[in-house]
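If you want the building blocks of each chain, they are given just below.
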Amino acid sequence: VKFKSPPVNSLSLDFLTELSIGLEKLENNRGCRAVIFTSAIPKIFSAGLDITEMCGKSTEHYAEFWRAVQNIWLRLYGSNMVTVAAINGSSPAGSCLLALSCDYRIMADNPKFVIGLNESQLGIVAPFWFKDTFVNVVGHRIAERSLQLGSLHSAPEALQLGIVDELVPEEKLQDKAAAVVAQWLALPDHARQITKSMMRKSVLDRLLTHQEEDVQNFVGFISKESIQKSLRMYMEMLKKRKG
Amino acid sequence: VKFKSPPVNSLSLDFLTELSIGLEKLENNRGCRAVIFTSAIPKIFSAGLDITEMCGKSTEHYAEFWRAVQNIWLRLYGSNMVTVAAINGSSPAGSCLLALSCDYRIMADNPKFVIGLNESQLGIVAPFWFKDTFVNVVGHRIAERSLQLGSLHSAPEALQLGIVDELVPEEKLQDKAAAVVAQWLALPDHARQITKSMMRKSVLDRLLTHQEEDVQNFVGFISKESIQKSLRMYMEMLKKRKG
Amino acid sequence: VKFKSPPVNSLSLDFLTELSIGLEKLENNRGCRAVIFTSAIPKIFSAGLDITEMCGKSTEHYAEFWRAVQNIWLRLYGSNMVTVAAINGSSPAGSCLLALSCDYRIMADNPKFVIGLNESQLGIVAPFWFKDTFVNVVGHRIAERSLQLGSLHSAPEALQLGIVDELVPEEKLQDKAAAVVAQWLALPDHARQITKSMMRKSVLDRLLTHQEEDVQNFVGFISKESIQKSLRMYMEMLKKRKG
Chain E
328 VKFKSPPVNS
338 LSLDFLTELS
348 IGLEKLENNR
358 GCRAVIFTSA
368 IPKIFSAGLD
378 ITEMCGKSTE
388 HYAEFWRAVQ
398 NIWLRLYGSN
408 MVTVAAINGS
418 SPAGSCLLAL
428 SCDYRIMADN
438 PKFVIGLNES
448 QLGIVAPFWF
458 KDTFVNVVGH
468 RIAERSLQLG
478 SLHSAPEALQ
488 LGIVDELVPE
498 EKLQDKAAAV
508 VAQWLALPDH
518 ARQITKSMMR
528 KSVLDRLLTH
538 QEEDVQNFVG
548 FISKESIQKS
558 LRMYMEMLKK
568 RKG
Chain U
328 VKFKSPPVNS
338 LSLDFLTELS
348 IGLEKLENNR
358 GCRAVIFTSA
368 IPKIFSAGLD
378 ITEMCGKSTE
388 HYAEFWRAVQ
398 NIWLRLYGSN
408 MVTVAAINGS
418 SPAGSCLLAL
428 SCDYRIMADN
438 PKFVIGLNES
448 QLGIVAPFWF
458 KDTFVNVVGH
468 RIAERSLQLG
478 SLHSAPEALQ
488 LGIVDELVPE
498 EKLQDKAAAV
508 VAQWLALPDH
518 ARQITKSMMR
528 KSVLDRLLTH
538 QEEDVQNFVG
548 FISKESIQKS
558 LRMYMEMLKK
568 RKG
Chain G
328 VKFKSPPVNS
338 LSLDFLTELS
348 IGLEKLENNR
358 GCRAVIFTSA
368 IPKIFSAGLD
378 ITEMCGKSTE
388 HYAEFWRAVQ
398 NIWLRLYGSN
408 MVTVAAINGS
418 SPAGSCLLAL
428 SCDYRIMADN
438 PKFVIGLNES
448 QLGIVAPFWF
458 KDTFVNVVGH
468 RIAERSLQLG
478 SLHSAPEALQ
488 LGIVDELVPE
498 EKLQDKAAAV
508 VAQWLALPDH
518 ARQITKSMMR
528 KSVLDRLLTH
538 QEEDVQNFVG
548 FISKESIQKS
558 LRMYMEMLKK
568 RKG
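Protein chains in written order, with this note's numbering: chain E, 328 to 570; chain U, 328 to 570; chain G, 328 to 570.
The shape of chain E in the complex, shown without the other chains:
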């Protein structure tokens, strides 16, 4: 799967819906046993959740958007396929969540590329299932510190913290991803799938049990005038940077 939604692969409602349908098709296609995620856009894996979907819209829109985010994660974190992130650019916030939900993460060895759950920098908060996914990858202490500071880690730092599994030169990233997929597919599917489910079920179930509550929580939080103001300021800053 190549993310290609210029300029920065923002995870808009349309993008998430299309991705969800695509993943569902692959999941149900018994000939497809693995998927590699990468970006067709230089320097950016994905910019994360599209802030324009969270700003100045109706509460119904916020709820619909959030359900789409939940659905992608449920599908990806619980996928029976082997999932590999070939991270060939920066990967903040929601984009980092996608990477963390894969079975294996390879990142281009470029210290300019950063990755992390930096929500708190924007004045918003990663929900509990972002946190659970992160803790399952890096442990409680690293997650606690990184989430509170909203840290974006350079590729070498991400490797050291365990956020990604290995770094390779960018030109070798796709070959390496294919090699990793081959290694994982060498295992009997049913044994690998049952094992994966055993590792992830409790965290998946936690969102499934609280899914609607989590939507309401998001809508209530994002609708606050103070949060809307934070997001508008952040978007202004992004525009100025580009300008």
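Some hints here could point you the wrong way.
The list treats identical chains as one, so a pair stands whether inside a single copy or across any two.
In silico DSS-like cross-links for lysine-lysine, where the CA-CA straight-line distance does not exceed 27 Å [said to hold, decoys possible]:
1. K551 to K528
2. K329 to K566
3. K528 to K458
4. K551 to K458
5. K370 to K569
6. K569 to K329
7. K556 to K458
8. K439 to K499
9. K567 to K384
10. K458 to K439
Think of the hints as simulated: they come from the structure by calculation, not from any bench.
Place chains U and G on chain E using the hints.
Just chains U and G, lined up with the frame of chain E:
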């Protein structure tokens, strides 16, 4: 906050009560957003819980003392403020718990300074919430081994195990702590606070749900003649060392 | 305890029953406070669960065998004694579980010796309590990856991942194990035992609560024709290798 209770900053009932009132005031003072803990006494951050409070006293006294220990931890681990431990001396047992409950731990780079939950060396047992706090910092395996052996780790070892976040030369400790506070305060308060609460709530709730049971458990354990004997022997040993 | 069941210390029903009775005797012998596990057979600590017990037998036999596996683990993981694994050879699958259930693991510094929970390589699945034990030692991420791939790690890699606590030259393994036991026995028994129980109780209770369900789950899984076929193929492969 500078601990200054000669000779060794033992956490007596009076000291804990004063600290609790002080922390409550700071917590309620909206102008105060961060607190740094350090010691005014050379070579010792704090000696930990005052053993004289646990030895030869009434069960009522033990219960009162233990509630004070619980309250400090609930206040500190659940604080909305940025909390930094500037550990400028040794930090055993209850003193280590205070450090582990902060958001960030900086220790003076002196291999003679030690830190750890060494309760089992004294024949007593760190309760489940000491353990939960420790596991959240260093993970299950390091906690299991260190708690069973009652290990006191030198500063370099503590860094390697993740018990502290960094070591700096003692003369730079306070400046570094101030710089860390500035870094953490650069984040929007509400996002940082909600994130912190999300990371720590389940462990805090566990004590809140079992608080009175934990008091009774402590009182029952500490009142045993065998435990009292262990503590008296330990105090004798300390006195001889000083002599 | 020296495992000596040629040719490869397979954990057969007889072997497990004998080991269980032996451990129970030691546990009830107040003069015995520690136990070291090692192998009397060169190059192999133990080959793990005996596959012949899981292949071509009755469902009653499978159930009896699985209860024996559960009982060994419950006894070992919950032992009041200090338990040290002196791993002087390879230690796959069920053999790795025994090592992981000890308080401390020392492995011979020989890169040809491997250790890991490689069940998925055989098309079978490590049950949740194997997984819980593994996660408690190495954390969630390393366990997730290693279990899905059914990895067997060389001794140096096992040290790096935290599967074992230290490597020593094979000729010094027994002396080192004795030294470790002495170090752990220097602590007051009751404090060490209560602490150990506190660290392990939730994982032990999880199997105790689901013990019969876990037996039925194993019997149902292992009785499948597809699984039986996998195991027969694996045994054929082993025979050819030897031949």
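Quick rundown of the hints versus the structure:
no.: 1; hint: K551 to K528; verdict: between (33 Å within a copy, 23 Å between copies)
no.: 2; hint: K329 to K566; verdict: within (26 Å within a copy, 45 Å between copies)
no.: 3; hint: K528 to K458; verdict: both (15 Å within a copy, 13 Å between copies)
no.: 4; hint: K551 to K458; verdict: within (22 Å within a copy, 38 Å between copies)
no.: 5; hint: K370 to K569; verdict: within (15 Å within a copy, 52 Å between copies)
no.: 6; hint: K569 to K329; verdict: within (25 Å within a copy, 47 Å between copies)
no.: 7; hint: K556 to K458; verdict: within (25 Å within a copy, 41 Å between copies)
no.: 8; hint: K439 to K499; verdict: within (17 Å within a copy, 30 Å between copies)
no.: 9; hint: K567 to K384; verdict: within (23 Å within a copy, 67 Å between copies)
no.: 10; hint: K458 to K439; verdict: within (25 Å within a copy, 37 Å between copies)
Hint compliance for this structure: every hint is met.
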